[in-house]
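Take these sequences, add in the hints, and give me the full structure.
2 protein chains.
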Amino acid sequence: MSHDRCLYSNMVALSPVLVLTYLSYFHSASCHATVPNMLNVHLVPHTHDDVGWLKTVDQYFYGGRNDIQHAGVQYILDSVVGQLLQNPERRFIYVETAFFYRWWKNQPPSMQKAVRQLVDQGRLEFVNGGWCMSDEATTHYSAVIDQMTLGLRFLNDTFGPCGRPRVAWHIDPFGHAREHASMFAQMGYDGFFFGRLDYQDRTNRIRTLEQELLWRASESLEPPYADLFTGILPNGYNPPKGFCWDQSCDDAPIMDDPDLEDYNVDDVVQRFAAAANSQAMAYKTKHIIMTMGSDFQYENANLWYKNLDKLIRYVNTRQANGSQINVLYSTPSCYLQELHRANLTWTLKTDDFFPYADDAHNFWTGYFTSRPALKRYERVSNGRLQTCNQLEVLGGPSSRKGPFGAGDSETLREAMAVAQHHDAVSGTEKQHVANDYARRLANGWQHCQVVVSNSLAALSGSSAGRIYCDNLNVSACPLTEASKKVTDIHAHSSVKTKIWIEEYFFNRVCVCVCVCVCQFVRATFDPATGLLDSLTNLETHSFLFPFLNLFISLYLLIPETLHLSPPLSFLHLFHDLFLSLPLPPSAPLSLLPQTPELQEVRQQFGPWVSQVIRLHSNSKALEMEWTVGPVPIADGLGKEVITRLDSSIASSGVFYTDSNGREVLRRKKDFRPTWDLRQTEPVAGNYYPINSRAYIKDDKDQLTVVTDRSQGGSSIHDGSLEIMLHRRLLHDDWRGVGEPLNEMSGVFPLGLVVRGRLLLSLTPPALAADAHRPLAQENVLQPLLSFTEGGPPPGSLLEFSGLQAALPPAVHLLTLSQWGQDSLLIRLEHQFQTKESKEHSVPFTVNLQVYTQYTHICTWEPLAAKPLRKPLGDPSMWEVILTPMQIRTFILRVAPRR
Amino acid sequence: MSHDRCLYSNMVALSPVLVLTYLSYFHSASCHATVPNMLNVHLVPHTHDDVGWLKTVDQYFYGGRNDIQHAGVQYILDSVVGQLLQNPERRFIYVETAFFYRWWKNQPPSMQKAVRQLVDQGRLEFVNGGWCMSDEATTHYSAVIDQMTLGLRFLNDTFGPCGRPRVAWHIDPFGHAREHASMFAQMGYDGFFFGRLDYQDRTNRIRTLEQELLWRASESLEPPYADLFTGILPNGYNPPKGFCWDQSCDDAPIMDDPDLEDYNVDDVVQRFAAAANSQAMAYKTKHIIMTMGSDFQYENANLWYKNLDKLIRYVNTRQANGSQINVLYSTPSCYLQELHRANLTWTLKTDDFFPYADDAHNFWTGYFTSRPALKRYERVSNGRLQTCNQLEVLGGPSSRKGPFGAGDSETLREAMAVAQHHDAVSGTEKQHVANDYARRLANGWQHCQVVVSNSLAALSGSSAGRIYCDNLNVSACPLTEASKKVTDIHAHSSVKTKIWIEEYFFNRVCVCVCVCVCQFVRATFDPATGLLDSLTNLETHSFLFPFLNLFISLYLLIPETLHLSPPLSFLHLFHDLFLSLPLPPSAPLSLLPQTPELQEVRQQFGPWVSQVIRLHSNSKALEMEWTVGPVPIADGLGKEVITRLDSSIASSGVFYTDSNGREVLRRKKDFRPTWDLRQTEPVAGNYYPINSRAYIKDDKDQLTVVTDRSQGGSSIHDGSLEIMLHRRLLHDDWRGVGEPLNEMSGVFPLGLVVRGRLLLSLTPPALAADAHRPLAQENVLQPLLSFTEGGPPPGSLLEFSGLQAALPPAVHLLTLSQWGQDSLLIRLEHQFQTKESKEHSVPFTVNLQVYTQYTHICTWEPLAAKPLRKPLGDPSMWEVILTPMQIRTFILRVAPRR
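Line by line, the protein sequences are chains A and B. Positions 1 to 898 (our numbering) are the ones given, in order, by the first sequence. Positions 1 to 898 (our numbering) are the ones given, in order, by the second sequence.
Note that these hints are calculated values from the structure, not bench results. Zero decoy hints are in this set.
Identical chains blur together in the list; that is why a pair holds if it fits in one copy or across any two.
Simulated crosslink set (PhoX-like; lysine-lysine; CA at most 25 Å straight-line):
#1 K697 with K669
#2 K113 with K310
#3 K286 with K241
#4 K310 with K105
#5 K835 with K697
Here it is as structure tokens:
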């Protein structure tokens, strides 16, 4: 069998979002035959290999620190490949390319050849195939696309079309985002399977046979452009009870020596038939899927396969006696093929799968906020990676090897990819693993700094030393503190790189040009409490009064005795077992030194919460910089801190949150669109992930909050919007981590102090997107500052832009990075939804030649959607159309630089 | 490479004890080269697979009940073979043929072929090779020889000369018996390795570099007939600390990606060098052995081999930088070869390695008695197997398939072989596993009953139904209880099978012909207490007065709190943390109905201990039938019960115990022959295993106690001999079992009641062996009773013997069993030691043709010892000489029966 099996005729295409050389085409040659009219049970051997969780990604790969958890991915892949080679009937799927890539590069050519053959024959199938299985609640779409690109590119380069995953496979993330489904659809996946959803939702879907459905994942993209078949796995991602044959399980093996006391073939066959029949009652077709594996399983694959071989043999043998069950080794693609053949119509779903509760009082909504410092660092690192990528392209080959030495963007790219894992930026890992993710990002940035310095040297013509003050978040930068005069370089991530001199202000996070602070926004404060009491948009005359901002501490009331009995708090979970106390303003309002560019007001709420409210002259948003911590625990109670905005907006129980920083979903308190909710947690059960923004509105006003990281939030009362900022918890929540969320470090021995920024925009609803779309994008991709001592060298270029002309405001250059030696990867996106902006929610035509003045484009590869998608009809070879929320991807072939 | 590698020129021979077609000849072709003058570290990958312990042998094989312990031998062999095939450098040894056999028969021919090649090339080497790794303290030599035969025969039949184990390997048994070493020497092993010895002994040997030695294991056999090189492994049977790379271990793997945070090659190499150098200090040569494995390891052999491959590569690479360490994959044979090449003289040892203490207060002497009912049942089963074997031969082919259906001796043979395991008859297994051993024996006996019935039908000419009353130990037999007249058949195990009619007496264990009870022995009792007070041998006029027999309960004083802190009681262990209380006679002496054949006296010691003392008319021994249990535990204290005989013998701290039922060793209180003992446990530290007899003596008298099972015993006071009978203990002893020794069952819900029999012989020392040798042998091989309702059918043969003439009293037919279709296995032994009997301790010549009147012998194969052994010089082809304690083995080719 050859690659031909995996080709779709001779079409070569790119998917809209990813670079995939071939379109998905499902060929049945590698699937075992099924039996019509019997119940066909598709056994899918798989392992779920967290890219870090209780152990670091390195420890998981090698099997280090097995005292924490027995898991070694190198051995899993060794073992599975060996077992697949032994018996051509067997199948396996592999998911996490971060691990597979590492294993692959250690294999001798003979083994690589054998594995290629397994892939070509469909015996080893990649599913999902990104660098990791990303989190869906706390990730930003741009980082998710990057990590998927990294993994899928490796598979494509290594295995060609047969290595292409056809199925998205998010079996473990704790709830599912609509934007993820939209991305998967646009990446060309044929289907999507996951394991976790709200327990009430599942019960309902079992009853209505709707565990398999069609997800229409975008309100903006024309169907079926973002449609994705979605299957909910029957048992999370575990095997049915009693059929786990991994070394980590205790289930009885098949003991088939008839002379034996323990002979159990009849019992196993009977139990299996019962499990299969019971499962079949919950699905529509004569096919069911069983996930035969779990976390880090198959380290000794022989145990699984030996027993699965026997199971298949003994169960199918009974067909001669009238059994109607047919068992086979299968893969999600083979299963999916059978579902397609069934030719049914699936229920349509247009909302998402948040929040996730595993029972009445266990809502996994705490992790939306857990580890807020890590979540911020991941977001900052994303901006740095984009800057690094762009400057690597613009600076040319000397960016990687130049006056500042050898640098690379791969290290940060891989660190960012690993950080998207559903136990990474989610905050659901052990503390030492969280530290490891941060260390990787810091290390990646060190490599990127060299690229940036080299590139700026090439672009500016000056090799003067550059300092990157990485601790500006705590206002620390030795150079600027010691020096009176610095050269300040902004390498803007949307390819506007400006270099200029000016005074640098200490103790300020941002530096602005002089515009009157009163031009856009007015905020007033209650002289008695120092709290905000009104907010006005001076342009639109939007006015909120009363408008109150409170910090509230939730005291987690965990009786001493309860710490033994699950379920309890709260690395993942958040629930209503709390006493809610507003933190009192403890000091009179303090007005910081005012300048024409900036007005600042400081508020103090007790000894461990403070806030600075800022009005910038050039900004239409009100900035609220909060500082929380160390959260006191001397009383033995864990605490969660929220900030709440109470306004006069008549929101009627409705609020809006974004999905992975992109399209926005409507939320309604105590309500789910697809089933009749029985609300058991009035607060925790109404929390949703906020990746970049949330808002409430009425006919007149919309109050939008733009965040600087992923957080959890809700609107519990009409006119109110709350965001959880920080959490410190003293009990483990029995979801596997085995640690409380009690962050302390060398710098913060008394407990972590976290600082962050919310941007508030008050507008009429019709104008809101015009404000929050660019505001959020600028917040995600903030300027990178570097400093050079002394004045600029004579003759050096002080300002430049990589673009020949500005892009339309609706169009964002999502990705610009080096692809091959003579090729670039470029992604353009339309960043507005349909209907949200009169001015911007329309198609735009972009000329690809305009945007790369520092590169010479020779050709670009055509973009084509899947056969089922609608043709895009671009006006010309160089002009491409972007409709609302569309992302388009190109490989540009470029001439070597002069 | 072919079998030639394993042949010793063209000599074909039988070892004295076992049937092994070829003599041991060590050929170095399969050993990796070593480096002269460097420290050569022999890495021996191995697994230790208990043939039952925490799980049953079936559960271990399949990997069932992994909730108890993760272990599955089928997977170990799958995995190891796969790994050996991947890299020809790798080596593995396998030990337990009970498991290997089972795995082998499930393999397809292609796999069998591959494994044969591994064995031929010395990459897979069998060591020890018996059915199991037998216990040394509680086993009887005849059963040990049988189990070794079963395992080694399989290896020989399957693999030929290359499958022959050259090394005995008892890495786990809890102390080492001299008789085992003697048997191993006679079986032709080149050396013996073990792991456990007294901690003081080890310390001393490390100091004197005597962990490798020459064991002269018999006082009777002429050296070097029973000489055996013996090596004590450095670390039990575990790898050095920090180098366990099994899935069950947590040691860091070798992480050799230099880009990695966790890179540890330098650290591993440095730690390994330190471990090797430290170990080398305790041994004499430039070679050391490291056992790389442990209990049920290598289920996922890749983990081990992948890291060992790296270890060897990285350590040896350092030789270029001056390192003096050379690491290699090796086997015990290859290591032994290097020791032989060193051409050193080893210290001679003539005693044994009992008792075993792992520290000052942890003497493993409790298990000598643990599970006394199982120990008895194993002993009874041994007799039944010998009977079954002999009748299978004598009855001809219809024994296996005859009027009573199909029967076999294999089932019981395998059950007995399994029962020899060091966690079987030793009593050191979990309760459910002990039950499983008993079940296997019972099942084996069911198969043998058919053989016996068929054989007796063929021999007697009557197919009348036969009943075997298996519960006569509790005086229960429905047939004899319900019927007035039965036909009683004794199938005597020393090939004297008599059939006769008589009255059968209820409630009697033995039936005797009428001889005056006063002919040989007189016992007197104190009328006040009912206790024995004198014993007289009327023939020799040996007279003991005072002579006292007491039952003593040891109350184990385990404070409640101590149960958490190891080390404590007592499945394996026995120590002196007890209160010793004699059990008071609670009832006046009761004289049971007296007959000319038998006089009986009943003694009661409180509610749960009683004893019947019997004098049989035809016996020179006094029988003491004790009944103990249920041991009360309402006081929360575990108890051990001993019976103690206090006499006027001036024993001077010296006593004697047998080794595995054969040669006897001298014991001295608070003394060890090879080092200066610091005694820490005055009682437990003086206990030794008693397999068949113990005695004390002075110039005038010898008091010998013959036991009916293996037990622990000692002489703590001069003139005293004590035997521990039963134990019931409420705490686990932290030696892995995780259960207290608290035997209860359906029949004995309040606690196990055990009954047993001691036979006392009082003689002058010079005549003692003449009495106790046959007495012990008769006790081991008791008659089997079967019953037939009504009178014998007319014309049926009522009495026969398989022998044409009686053997000399010194010669015992140890084995007579079917070997092949036309061949028999026969073993003759001289059952006396040198010098212990004037009459019997001399060579005897036996004519092989005499002993088999029911078979027609055509030829027999020559017997030859190893080259280093002395030629035996038999007088003629059919006449063989037996010297004291010699065992000789023959295969007789027989003509088909008429």
